[in-house]
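**Student:** Each chain, written out:
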Amino acid sequence: MSTTLYDKIWNDHLVDQQEDGTALLFVDRHLVHEVTSPQAFEGLRNSNRKVRHPNLTLAVADHNVPTTDRTKGIADAESKIQVDTLEANCKEFGVQLFGMDDKRQGIVHIIGPEQGFTQPGTVIVCGDSHTATHGAFGSLAFGIGTSEVEHVLATQTLVQKKGKNFRINVNGQLPLGVTSKDVILQIIGKIGTAGGTGSVIEYAGDLIRSLSVEQRMTICNMTIEGGARAGLIAPDEKIFNYLKGKPMSPKGDNWEKALNYWKGLKTDDNASFDQELNLNAGEILPMITWGTSPQDVITIDGKVPNPQNENDEDKKNSIERSLKYMGLKPDMAAKDIKIDKVFIGSCTNGRIEDLREAAKILKDKKISSHVSAMVVPGSGLVKEQAEQEGLDKIFVNSGFEWREPGCSMCLAMNADKLKPEERCASTSNRNFEGRQGRGGRTHLVSPGMAAAAAISGNLDDVRKYQN
Amino acid sequence: MQKFNKLKSIPAYLPIVNIDTDMIIPKQFLKTIKRTGLGKNLFFEMRYDDQGKEVNDFALNQSPFNNSKILIAGKNFGCGSSREHAPWALLDFGITCVISSSYADIFYSNCFKNGILPIILEEEKIKELSEYANRKEEISVDLNEEKIVYGNSEIKFQIDPFKKKCLLEGLDDIALSLKKSDKIEKFERNIKNIKPWIFND
Chain F
794 MSTTLYDKIW NDHLVDQQED GTALLFVDRH LVHEVTSPQA FEGLRNSNRK
844 VRHPNLTLAV ADHNVPTTDR TKGIADAESK IQVDTLEANC KEFGVQLFGM
894 DDKRQGIVHI IGPEQGFTQP GTVIVCGDSH TATHGAFGSL AFGIGTSEVE
944 HVLATQTLVQ KKGKNFRINV NGQLPLGVTS KDVILQIIGK IGTAGGTGSV
994 IEYAGDLIRS LSVEQRMTIC NMTIEGGARA GLIAPDEKIF NYLKGKPMSP
1044 KGDNWEKALN YWKGLKTDDN ASFDQELNLN AGEILPMITW GTSPQDVITI
1094 DGKVPNPQNE NDEDKKNSIE RSLKYMGLKP DMAAKDIKID KVFIGSCTNG
1144 RIEDLREAAK ILKDKKISSH VSAMVVPGSG LVKEQAEQEG LDKIFVNSGF
1194 EWREPGCSMC LAMNADKLKP EERCASTSNR NFEGRQGRGG RTHLVSPGMA
1244 AAAAISGNLD DVRKYQN
Chain P
9 MQKFNKLKSI PAYLPIVNID TDMIIPKQFL KTIKRTGLGK NLFFEMRYDD
59 QGKEVNDFAL NQSPFNNSKI LIAGKNFGCG SSREHAPWAL LDFGITCVIS
109 SSYADIFYSN CFKNGILPII LEEEKIKELS EYANRKEEIS VDLNEEKIVY
159 GNSEIKFQID PFKKKCLLEG LDDIALSLKK SDKIEKFERN IKNIKPWIFN
209 D
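Heads up: the protein sequence lines correspond to chains F and P, in order. Quick note on numbering: the numbering used here labels position 461 of the first sequence as 1254, and the sequence is numbered without any gaps. Quick note on numbering: the numbering used here labels position 14 of the second sequence as 22, and the sequence is numbered without any gaps.
Think of the hints as simulated: they come from the structure by calculation, not from any bench. There is no bait here: all hints are sound.
Keeping only pairs whose Cα atoms sit at most 25 Å apart, straight-line, the calculated DMTMM-like set for lysine to aspartate or glutamate is:
#: 1; chain 1: P; residue 1: LYS171; chain 2: F; residue 2: ASP809
#: 2; chain 1: F; residue 1: LYS1128; chain 2: F; residue 2: GLU1215
#: 3; chain 1: P; residue 1: LYS171; chain 2: F; residue 2: GLU812
#: 4; chain 1: P; residue 1: LYS188; chain 2: F; residue 2: ASP809
Generate coordinates for the entire structure from the input sequences, incorporating the hints supplied.
**Tutor:** As structure tokens, then:
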């Protein structure tokens, strides 16, 4: 029978399946961070249980860490307790941890691929919804809650029911200045934040295959914003080349064996999907979000919606609520939206290619005088690479702050946050109310669009600044 | 885990769609290393003003909804992050049953790990039930019978039989899975042979 990539990975990880379809799935890789793990480790301790496979588990503190000078430690007492607790738990249970002073430290979804911990055909979980990122490698990767973190730590398995198969085909070429961030924002705009609920989305088509490994990660990362359990892309030579020689990638004989297995990871030609969507890459434009849900997208040439044009009462109320929160007027042009802050970073757009894309726009330019802007590299290694390429100097010369790695203002758990009514062009993934700070207003954009907004002082078209 | 069987309460109604986990419990409360104590910060941004005073208009600040055990809300409830702090906050507030026309997957799954029953109903039924919130009248939820009783009417709902059993009996997932240790070990031996790079042996 013809099967999809999701079917294949699922079937290869079935430890047990009950008659009602409830399955026990083997978990190959478990990423752990400080926010969603303390109660899980405590649960293990209370039940006298061990971590079943510490060597399949990798931990890092990312959500709470300061992005300013770290030599003085963490100022916020609660954040410090959480980070210290992770360290103590990892020590007690024998789990490898990248500490705050380790240059491999960074956002959990950036360090997994960077280290070769993320591998095709594996099941990868983490107590974080953006675990979907790792699907770019052809792994089945999804976020779990803390009870499930405890379950995986104790059993190296997870109780799951099979989801539906959803394929999104993107064909054609992207216009100049349009990136994978715009592709995924466009997709979320089309399917809505509940469009993928209950499904695993496989991204296919020649546009997807033409994307770099890092661009693919941006797409898979925000799959959760479309409500799907996971996003997947069949692995190819780009993935294999990316992984070759990474510290935790298979070595020697194992590399050959793994490669052989990885090459078979693709959806059969005749496999059927529960749902399919086709997009023409050539029609995608630079996108922004105007509202408080990632589905609230318009193109940079577009206008903010007018609730009066909406017949559905729920939608109308929702638009009104969002406009009020965002401090916007109906029918306002996207380019008339003036911004105060710019944030470049996060597990969505905090990798080296993202920084290069922004730096290319910012080279020899100054950011607008009323804008304050920061770059938070996704990991210590991304930071090091950027500094070797001189990107840090481009950012600093243009007026950006150059920070230490972490999640930072994507969710504002550390000191980096918006003040009430401050407006930010952000390369992160969620524009929910209060996400970047109480009353803060977030517009999701690509790194190039964030750079363009910083220069112009308002949301602007990155194509204007393309050389 | 607390067992769930029957529940009777005046429901609270939040007529908002896409209530995300950041709304349910904002990030500043995720710094805790405990599961308890989050109830006072449930829906923090909507529930309190800038001075930290309760917002009178917000349903959960009003009697009798401040004692509701059932929350009715718009579609796609719990979208966003995987934070289990969201169901922990609901539970700590006293809500053990949520009724919506759809949920985000991770939130839905997290509810069952904490003795919370998330019920899925059609939109029109949601509207009908929300009238009971407006009139401040009780409704009853019976998990075993898979029904909600209100006034002289009742609505059936559907739930995965395994999840139902776990809720009714308050079963611990980990203990259940550990009963399958033989199968897990067998699976592990097998992948060591066919996929030796997984354990990096």
